[in-house]
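Asks: Given chain A, put chain B with the ligand in place with the hints provided.
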Amino acid sequence: MNPVDVSEIKKENIEYHPMEHLLRMDRIPHIWCPACGIGTAVTAFVSALEKAKPDLDKVSIVSGIGCTGRVAGYMKLDSFHTTHGRAIPFATGLKLANPDLKVVVFSGDGDLVAIGGNHLIHAARRNMDIVVICVNNFIYGMTGGQVGATTPETARCSTSPYGNFEPPFNLPLLMESCGASYVARWTALHIRRLTDSIVDAFNKRGFSFIEVIAPCSTLYARWNRLGSGLDIMKYYHEQSITRHNADPRDLKIDFQKPIIVGKFIDRERPTFIDAMNQRFSAVFGDRYTPYGVPAGPRSDEKEGVNA
Amino acid sequence: MKADPRGVLTGAHYLDGDHACAEGALAAGCRFFAGYPITPSTEVAERIAARFPECGGVFIQMEDELASSIAIIGAAWTGKKSMTVTSGPGFSLMQEHIGLAVMLETPCVLVNVQRGGPSTGLPTLPGQADMMQARWGSHGDYEIIALAPNSPQECFDFTIDCFNLSEKYRIPVLLMTDECVGHMTERVIIPQAEEIDLVERKYYHGDKSKYLPFKPDKDMIPPMVKAGDGYRFHVTGLTHDERGYPVMSWQCQEVLVRRLVEKIKNNADEIYRYEEENTDNADVVIVSYGISSRVASRAIDLARKQGVKVGFIRLIVVWPFPEKKIAELAAKTKALITVEMNYGQIALEVERCAHGKCKTLLVPHGGGWVHDPQDILAKIKEALQ
Ligand code: SF4
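Chains as they are written, first to last, in this note's numbering: chain A, 1163 to 1469; chain B, 6 to 390.
Pulled out of the complex, with its shape left as it was, chain B reads as follows:
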């Protein structure tokens, strides 16, 4: 399916990451947005509020993040693509509804423009310390998809990808950006509508009386219907069977939650995305994502000038985590160095997947500003000692 031209602002623009994200949502066909102001994500909501009236979309500023994050789930059940945007504290408040969207298998997109935490932390300064919260923040066991852009262009592109993934897998998809990317202005190219490929939601078309809302197809994803189409279906956040009816038993839990997990795990090879550079003969490989990956690039250049063979893997899809890829890199390099703006979150995943096959190191940073490339360079040298 191609994009609806009404939402596509074709051309070359100078946009900050937040505005580019809003344009990505419009291009992806998002026509329902519920949000609550929070720095540094508010510009996304502002641009959507300005642009929606002429594109046929509905924008509502809700009373809080709890409301925003469930309004988009309600909207998604009418067939609309929906999104909300937040940061730090707001993301914490949205966790319960990320779980609800997982349980109801509702396509929707949530953007977290990360700032420094915990608590109110650093509202106007960057952080990358919500990465594990993105993975595990809602209670219960589940899989999630999260992408990390490192430029305004990627804020545009990846927002579209988030919608496509959410429609395909019937799952909430998280765009984990940060204050630096959100507020940096760069050139953003928005293509023609007909050049933008969108994934169409899979609908059920069979006999109405035989419809089972949670009966999966072979790909483990049940086809959806819309409210108002006469199916008279039921959905619940309780553990449910294929009819959508609550069943309080370990057997039903096993069937349902296993499928929710496996529909992502078993399709992970299709979902993983990363950029890999010079990893074949590298002595060390840097692992990074988001804004930190741009600083890491600078450090890698410096190291290469000094004759060190440094490889680079930049995670685009952070969740599901590219386990096999990291294991493969661990087997052929001396060290994996994770560069991220926290005290070790994705680094733990790298360590887990490296399985002791190589050294695993971290260049930590508490957030509030980006890394100093010299610190990364020092860690590269330390790894080689």
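Pulled out of the complex, with its shape left as it was, chain A reads as follows:
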């Protein structure tokens, strides 16, 4: 059967996908493999946007390079597909130059944690007011399945054909120790929980980091004989244990062992801009106009933050 040209169908006979208004439908079909976990992470993100109801014109999404790096390109938002590893400093420039923007970084583990690891830790340290959604599929997908900084020990990849022998990053621990304001981890099948966490992150002032454990149904699954994408998605989901506020030191991911998920960190710290305003106001007094603060009192501003 030939593909149907939707433009030839009467308008009242077309049922639209409920998420169409947030997706660039003129770019569908997307490039992702069937049963890849990135798709469900995007679904959760879209649902979160619908729940959190930010002014969508003020939301910018930034991606780096890789399979997850393509997310920005499918979202009907101001969207930036940047260079490998550098989505966070691009987002930093956007946010600092226009603090009215809500800036989301949506990228993969290789991009954010390996090549971009330096930026990740510094953005958390500065408490840059951005949301980082890190799809962790334990492998480099776009380049064909290489070992990465998050690959569990003994897992096979194209460049660890005898099994990985490097320890992976424990991302929640890393983010907690660097100073992130909000840290959560879910699998791609925890759609409701993940959606709620993204909503939390949207409403949080400060650096929010959400790790999404997702199957690379094509490469990671094949290299490790884990069955279909759906099989591993279910496996991750079933093998996960929800433990909110767990000690981040206990969150290491081992190959095919239960994964601890939950909301681990939710704390208040001054953001980069808060700290800058505090410092300069103390030094310059009236000669300094607090940056990025709308004129007049702001109800959501904690007392003293901009004093």
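In case anyone wonders, no lab produced these hints; they're calculated from the structure.
You may find that some hints are simply not true.
[Stated by the list, open to error] Dumping the calculated DSS-like pairs for lysine-lysine here, alpha-carbon to alpha-carbon at most 30 Å:
{"hint": "1", "chain 1": "A", "residue 1": "K1220", "chain 2": "B", "residue 2": "K207"}
{"hint": "2", "chain 1": "B", "residue 1": "K207", "chain 2": "B", "residue 2": "K7"}
{"hint": "3", "chain 1": "B", "residue 1": "K362", "chain 2": "B", "residue 2": "K337"}
{"hint": "4", "chain 1": "A", "residue 1": "K1172", "chain 2": "B", "residue 2": "K213"}
{"hint": "5", "chain 1": "B", "residue 1": "K231", "chain 2": "A", "residue 2": "K1238"}
{"hint": "6", "chain 1": "A", "residue 1": "K1173", "chain 2": "A", "residue 2": "K1215"}
{"hint": "7", "chain 1": "B", "residue 1": "K213", "chain 2": "A", "residue 2": "K1173"}
{"hint": "8", "chain 1": "B", "residue 1": "K339", "chain 2": "B", "residue 2": "K329"}
{"hint": "9", "chain 1": "B", "residue 1": "K339", "chain 2": "A", "residue 2": "K1238"}
{"hint": "10", "chain 1": "B", "residue 1": "K362", "chain 2": "A", "residue 2": "K1238"}
{"hint": "11", "chain 1": "A", "residue 1": "K1215", "chain 2": "B", "residue 2": "K213"}
{"hint": "12", "chain 1": "A", "residue 1": "K1238", "chain 2": "B", "residue 2": "K215"}
{"hint": "13", "chain 1": "B", "residue 1": "K173", "chain 2": "B", "residue 2": "K329"}
{"hint": "14", "chain 1": "A", "residue 1": "K1220", "chain 2": "B", "residue 2": "K213"}
[Stated by the list, open to error] Below, a sample of chain A positions facing chain B; criterion: calculated Cβ distance under 10 Å:
{"hint": "15", "residue": "R1186"}
{"hint": "16", "residue": "M1187"}
{"hint": "17", "residue": "D1188"}
{"hint": "18", "residue": "K1220"}
{"hint": "19", "residue": "M1237"}
{"hint": "20", "residue": "L1258"}
{"hint": "21", "residue": "D1409"}
{"hint": "22", "residue": "R1441"}
{"hint": "23", "residue": "F1442"}
{"hint": "24", "residue": "F1446"}
{"hint": "25", "residue": "G1454"}
{"hint": "26", "residue": "V1455"}
{"hint": "27", "residue": "P1456"}
Predicted model only: the values in this text are computed from it and were never measured.
The beta carbon of each residue, even a glycine, is placed where N, CA and C say it ideally should be.
Replies: Just chain B with the ligand now, kept in the frame of chain A:
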């Protein structure tokens, strides 16, 4: 558009080139700066850090040059003018983002206070050996604009020019200064804000639903919008069509990259800038730029005292290269002598454009100190033999 008086330190000052560059950025309306310390460029960042709080600017010291050079691109998409400053090794690290800024057609300014290289080289001493890197340092084919000041006053003036060119052509513009100019202190006159002309970014004002981020106007430059203004646009470093969507085809590559190249090449006559002196009846013409041009002036004076007819062309805009001008000079002189602090970079361009019409010679120097005028004089005499 006139400069915002908050950033303009009107008056006569004694400033080194680095500080003058910072004041130029402030006068040009730069309000976002991301940088990473590196000798001999750090003083620019230091002055910006000191001056920004009272001028409404945001300064951030990033974790490295990769971060600095992309943070300014992000900032530029909010409508702010943005800049970073670096030297040698840092400039190498920024190359990928110069390419990104070219591809995303993002106005921004990058300053390279050149030092001796390769590698860590001579951190505290001058060089001019990054000139070809400025032209070709990022992968892929593209055109770039680069200016070379030879005094603190020019560091101030040309920084403003860099911003104006970057806004006009939607391109990263490079200020290629060097350690000598950066650290030399001279009088710098900063005019009144209303005497400083700034180029305003060209924005799109039409129907939001019809906006195409990379649809060029007749001048080959697409109008821009800002993040947050409701256009919901997409930009990517991948080869893209007018919608900004990736298209992996040679046809799209041809349309896009040809335009990126031609928007500068076809406007080069408007961009070229040089100072020309006594070239009409000259037996030899010296070609130089930046700090080397000041040493060359001394050698030219010495030669003229000895009765040699020496002309001089000082490149202000080095990229795009003034091809026609050099060809024209080659046709009417016996020799073109390039004086630069490297082993032949701009000299290759001079040779290319001279097309064998005259001798082309080089007074090379490895960097670390300026030329000895006597070496230039000797080369002038050699040319006449
Ligand atoms: S290669 Fe792996 S990560 Fe990439 S789209 Fe396919 S399944 Fe997803």
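Asks: Taking the hints in turn, state whether each one holds.
Replies: Evaluated hints:
{"no.": "1", "hint": "K1220/A <-> K207/B", "verdict": "holds (21 Å)"}
{"no.": "2", "hint": "K207/B <-> K7/B", "verdict": "holds (15 Å)"}
{"no.": "3", "hint": "K362/B <-> K337/B", "verdict": "holds (9 Å)"}
{"no.": "4", "hint": "K1172/A <-> K213/B", "verdict": "holds (26 Å)"}
{"no.": "5", "hint": "K231/B <-> K1238/A", "verdict": "holds (15 Å)"}
{"no.": "6", "hint": "K1173/A <-> K1215/A", "verdict": "holds (27 Å)"}
{"no.": "7", "hint": "K213/B <-> K1173/A", "verdict": "holds (23 Å)"}
{"no.": "8", "hint": "K339/B <-> K329/B", "verdict": "holds (17 Å)"}
{"no.": "9", "hint": "K339/B <-> K1238/A", "verdict": "violated (62 Å)"}
{"no.": "10", "hint": "K362/B <-> K1238/A", "verdict": "violated (57 Å)"}
{"no.": "11", "hint": "K1215/A <-> K213/B", "verdict": "holds (21 Å)"}
{"no.": "12", "hint": "K1238/A <-> K215/B", "verdict": "holds (14 Å)"}
{"no.": "13", "hint": "K173/B <-> K329/B", "verdict": "holds (23 Å)"}
{"no.": "14", "hint": "K1220/A <-> K213/B", "verdict": "holds (15 Å)"}
{"no.": "15", "hint": "R1186", "verdict": "holds (7 Å)"}
{"no.": "16", "hint": "M1187", "verdict": "violated (12 Å)"}
{"no.": "17", "hint": "D1188", "verdict": "holds (8 Å)"}
{"no.": "18", "hint": "K1220", "verdict": "holds (5 Å)"}
{"no.": "19", "hint": "M1237", "verdict": "holds (8 Å)"}
{"no.": "20", "hint": "L1258", "verdict": "holds (5 Å)"}
{"no.": "21", "hint": "D1409", "verdict": "violated (28 Å)"}
{"no.": "22", "hint": "R1441", "verdict": "holds (9 Å)"}
{"no.": "23", "hint": "F1442", "verdict": "holds (5 Å)"}
{"no.": "24", "hint": "F1446", "verdict": "holds (6 Å)"}
{"no.": "25", "hint": "G1454", "verdict": "holds (9 Å)"}
{"no.": "26", "hint": "V1455", "verdict": "violated (12 Å)"}
{"no.": "27", "hint": "P1456", "verdict": "violated (14 Å)"}
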